[in-house]
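Spelled out from the first residue to the last, the chains are:
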Amino acid sequence: MNSALIWNIARFILLLMAQVLIFNRINLFGYINPFPYILFIILYPVNGNRYGLLLSSFFLGLIMDMFCNSGGVHAASCLILANYRPYIFKFSFGLSYEYQTVKLNDVLTPERFSFILIAVVLHHFTLFILEIFSFYFIWDIIERTILTTLFTLITCIIIIYTIKPSKR
Amino acid sequence: MQQIFSFLFKNSYRILFLLLLFLSLGLTIQSHSYHKSKIISSANFFTGGIYQRINNVNEYFNLKSQNDELAKENARLKTILFNLKDTTKLHFPDSILGVKKNQLIVSKVIHNSYNVHENFLTINTGSKSGIKTDMGVINSAGIIGIVDKVSPNYATVISILNIQSKINAKIKKSNHFGSLIWNGKNTGYVQLIDVPRLAGVRKGDTIVTGGQSHIFPENIGIGTIDKVYVDNETNYYTLDVKLFNDMTNLGYVYIIKSKDREEIINLEKQSKKDE
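Line by line, the protein sequences are chains A and B.
Throughout the first sequence, residue numbering follows this note's numbering, covering 1 to 168 in sequence.
Throughout the second sequence, residue numbering follows this note's numbering, covering 1001 to 1275 in sequence.
Calculated directly from the structure, the hints in this document are not laboratory data.
Please read all numbers here as calculations on a predicted model, not as lab measurements.
Accuracy of the hints is not assured; some may be wrong.
[Said to hold, decoys possible] Covered stretches of chain B (in silico footprint by chain A; criterion: 3 or more residues with CB under 8 Å from a CB of chain A, positions within the stretch not fixed):
hint, region
1, 1016-1026
2, 1046-1052
3, 1112-1121
Beta carbons are placed, not taken as given, at the ideal position from N, Cα and C, and that holds for glycine.
Bound conformation, chain A alone:
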């Protein structure tokens, strides 16, 4: 229990630091930045405290907003991802996901891939809708969602499978 808590706090801080120091400065093609900080929400223990997840993802997003000057955009989209995470689990791993102890950092199976994909798309779509906040730019929203999703997905998978926790 305690080691899981420490892992979570470490992940929170490290992912946020990596996001602000490295990934916010990539600017591929001038405007595409990956958002691998949502790995915190994706990798949060399946049976962990729900309230803890909700509150910590809210603050995760809020700190991101402070750095990006974006109001509450990241906070809202992280919150939505955190809230719908159990449903995505159910969709990707079948109904009894809670009993078979899902482990995300293992061999990349279609279930795991689909879970990460849906989570990233959900987060990014809400993020860009709220950030741009105008239907005048609807094609921009879709274009940014698709390109950023691809980029985030690649970064997330690389991060998960290069920095596997050694214990397992």
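Start from chain A and add chain B according to the hints.
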């Protein structure tokens, strides 16, 4: 009473979610209306301090381009100086401290964003140096933006690459003016809208700030006209303006502290009250 409590207890997860969601949506909506939200910005000591630290390392990488820019600015100023009719009679009546019309405060950009639709910069001077909301920000090449939020040591600046910014600008040659906006597409170009069809505009003409706003003094460079087309809805010209500034690479900037500004604002307030 007990039923209310049991209801709250049963749905506490959902209530917490909705509460936080409304909070974040509220902050989002606030951020989309012109400077209102106060807390969530990179001008506070925590985020500003971190950006300052990152920038301390980062600025070594563009020392060369910054040097070039300063040398160019020096050359330009020297040209003006040497072309004065009589260099011995140099006297600037408005350059004595306290009498100056516009005072410049130098500052450094410690964070710069240009990849979203509403871009902001963070600079490392704040209210301690006399910076206030709605002051103009320029550098040696041209305009950069308008100060948004201010903390004791840091301030955020609404970049001209922000779909909400609207700055009065004019064509240098003919004095026809319009509003400078950004369509959110290319970081090298902004748009000048509502230019009357009477204005004889040509590709390559210079666009400068107009004298209508009290944020920027008149005749600060913005860019050159790159493309001219007629807006289908309004029948006014829309001009694509190629910026003098490379907004993706900014170092030192100047904040314009105008003496007249507060006087003008107060005057306008009073005359509005009288109506």
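Results of checking the hints against the structure:
1. With a cut-off of 8 Å between beta carbons, the region 1016-1026 of chain B has 8 residues touching chain A; three or more are needed, and the interface restraint holds.
2. Given a C-beta distance limit of less than 8 Å, the hint that chain A covers the region 1046-1052 of chain B holds, as 4 residues qualify and 3 suffice.
3. Coverage of the region 1112-1121 of chain B by chain A holds in this model, with 7 residues showing a Cβ closer than 8 Å to a Cβ of that chain against a need of three.
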